[in-house]
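Engineer: Kindly produce the complete structure, drawing on both the sequences and the hints.
In order, the protein sequence lines correspond to chains A and B. No gaps in the numbering here: position 130 of the first sequence is 130 in the working numbering, and each next residue is one more. For the working numbering, add 1000 to where a residue sits in the second sequence, where the first one is 1.
Hints were generated in silico from the structure; no laboratory data involved.
So, partial list: chain A residues that the calculated Cβ filter (under 7 Å) puts toward chain B: (1) D8; (2) A20; (3) C68.
Cut-off 30 Å, straight-line C-alpha distance, at most; resulting in silico cross-link-like pairs (BS3-like, lysine-lysine): (4) B/K1129 - A/K129; (5) A/K19 - A/K105; (6) B/K1105 - A/K19; (7) A/K105 - B/K1013; (8) A/K105 - B/K1019; (9) B/K1105 - A/K13; (10) B/K1105 - A/K129; (11) B/K1019 - A/K129; (12) A/K19 - B/K1129; (13) A/K19 - B/K1019; (14) A/K13 - B/K1129; (15) A/K13 - B/K1013.
As the structure is a prediction and not an experimental result, all values here were calculated from the model. Backbone N, C-alpha and C fix where the C-beta goes; we use that ideal spot for every residue, glycine too.
Listed here are the chains, written in short residue letters.
Number of protein chains: 2
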Amino acid sequence: MSQPPATDDRHLKMRLRLKAGTGLLVMGPGRLEILRRIDANGSIAAAAREMGMSYRRAWTLVDATNRCFRQPLVESVAGGRRGGGARLTATGRQVLTTFDALNAKAAAAVTEERTLLEELLADPLPEPKDSGKT
Amino acid sequence: MSQPPATDDRHLKMRLRLKAGTGLLVMGPGRLEILRRIDANGSIAAAAREMGMSYRRAWTLVDATNRCFRQPLVESVAGGRRGGGARLTATGRQVLTTFDALNAKAAAAVTEERTLLEELLADPLPEPKDSGKT
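Structural biologist: And the structure:
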């Protein structure tokens, strides 16, 4: 409580996506999060619930991500909670670990520029709106 | 023509956004591109046209970006083509230069991880779909 909460609000966070040359989205923050939550929960349904997302939306996201790679990242498991669960494959774990490392390295490389941009931010910042992804 | 076109399609490109802690989008690929095109063209209308975007959409994007910073990034200029144009302010130029540097440093920091993920990609890749930004 030694700092007003507004301070953290003004930190810039990096959100990183990887796209193929065709425009195909391969990895991004939402895909990373669902992989991590499937890994923690052993279930797409539980991951979806935690992310406030429908099962259908989560399944579609996992399916779209699976199709981007040679081997699927998530596979179903017979039995378990809710009559079957899901887990990361070896490829899934490798993609999760690699994209985590990529995010960490990118963030570490740009601290100087990030700080400079933070110093130029409006005070107070405007309210966030749903302004699209551009 | 010594390589089939598919090769370039499989290169992963990084798309980087900066968000404030409140969720406010501050900078991203579309915002960077419109700033660059306004700088090149001296006009929001010309920048919008080049990006296949309506003037209204471009203006809203510029306005939303301006509001994120202490000083506007784009200002209008009296006279000139189409009865007035637009140009980057000193802050606008600083943000453009800094975000360019940030993108370059981030990309350079992650070549190892990017290459590793490229090696795991499906061959052929699925067709890109409008699968949202996650």
